[in-house]
Amino acid sequence: MKHSHISEAKIVDWLLGMLPEQEKEDVSNHLKQCLECQRLLEAWKNIGLKEEAQYEAPPLSHKERIWAQAEAQKQTKRMRRGLRMAGGWIGAALAVFLFTLRLSAPSDGPAASHDRSDEPYRYQIVEQHTDIPIERIIHNPKTKQIPIEPSALFQQMDGTIWLNDDTKEMLMEIEGLPPFAARDYQLWIIYTNNEVKGELLTIRHGAARILITGEDVKQFKQIKASLEPKGGSAAPTGPETFTIDLEHE
Amino acid sequence: MEDRRKDLELLEKIAEGSRAAFDRFYEKYAPMVYHIALRIVGDEVEAEDVSHDVFLEILQKPHQFDPKRGSVQAFLAVKTKSRSLDRLRKKRDLLVSRLEEAALTEKGAEFDFLRQLEQQVIIDALTHLPEEQRQAIIHFYFHGETQREIAAAMNKPLGSVKSLIRYGLRNLRKQKELFHWMGAGRGEEQHEA
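Chains A and B are the protein sequences, given in the same order.
Take the first sequence: its position 117, counting from 1, is numbered 117 in this note's numbering, and each next residue is one higher.
Take the second sequence: its position 87, counting from 1, is numbered 87 in this note's numbering, and each next residue is one higher.
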């Protein structure tokens, strides 16, 4: 037989003495025989909800903040409406502008490119699993294998770095990294001249694999990782995941 | 009933944009909303945020309240509970912290509403505990089983189950330290937003 429960709002009203007599009696009768509704009632009682209760108020500025946010949201809505109306005109104007710009540009000019050779750091990063020649790197007799020792807060983490100065390659594998919605793991490369370069780590199912290749690999002194605000930081701020000193030949 | 009629009038005026009506409504109900949120999320700042969301929703959708379903108090209480549980679902650091507090008080009352969270959310929050510790904690605190029952189900001596729960709680504390450490920069992020 299907058993229907009382709505939670009605249970709260019963507890607060807000129900008319007949309804109050109906709820009381139901509560006597329904364990689930009794539990819900107990939960509300335990939370301290009762008739004539005096509760502590939130801070004074609270109300102002709510009102201010509601007003700001109204303003944004009004602006969006206005923008939608203006959107058609702006789009047309932008199209004309871009067309004119294209006509005025030299047709055989070089495409703008970012020349990495001008950068002080000369390395490349490969994060795609399929593009990393793992077997070749790991089984190269000149490759050094360095186990990663996690910091105290990340004991569940496990990882290895493979370093080869001849091929100028550093392969790193980590697993057991807890995911955090609002944080990113960031790798820190510390050079022999103590310069620091940060790289965000792509984590999939708690694991990361990264290959760094290039001249700079020979100048890596230390590799660190830390948890940073989403998008990464300019310098390490979050809890450290691990620190590894790299010994070159 | 008179009270309910007055509340409806206030909500009507709020819908028309009356600041005075909102002030009266807020002053009447904010302490209760804040109290419920605080008892569920267990953190003053988070409870303020939950209350903020509840009242913002009232300002944005004042016609959501249906007097046929109960009083404004009941409407706000159920909404606050729901928003508080949503917050625990979204913020694992908060949930871990809450689970630990609740587990340490060893009172069933603290778990009443936390038990309404989906099992998967709890499992996720405890994901970094070793499997057996996690199972022991879930059975003990969320399924309300005795340690003896858990021992039988897990086919382990009673002493081992007690240890699993103790170590589980210790690991939970470590995890909480980590989350708290990370939470240090949260104020700035909120400020920017």
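Quick caveat, the hints were computed from the structure, so don't treat them as lab data.
Take these hints with a grain of salt, some might be off.
[What the hints assert, rightly or not] Among chain A residues calculated to face chain B with C-beta under 7 Å, some are:
1) Val12
2) Ile47
3) Lys63
4) Gln156
5) Glu173
6) Pro178
Keep in mind it's a predicted model, so treat the numbers as computed, not measured.
Cβ atoms here follow ideal geometry from the backbone N, Cα and C, with glycine treated the same way.
**Item:** Violated constraints from the hint list, given by number and in increasing order
**Value:** Violated: hint 5 alone.
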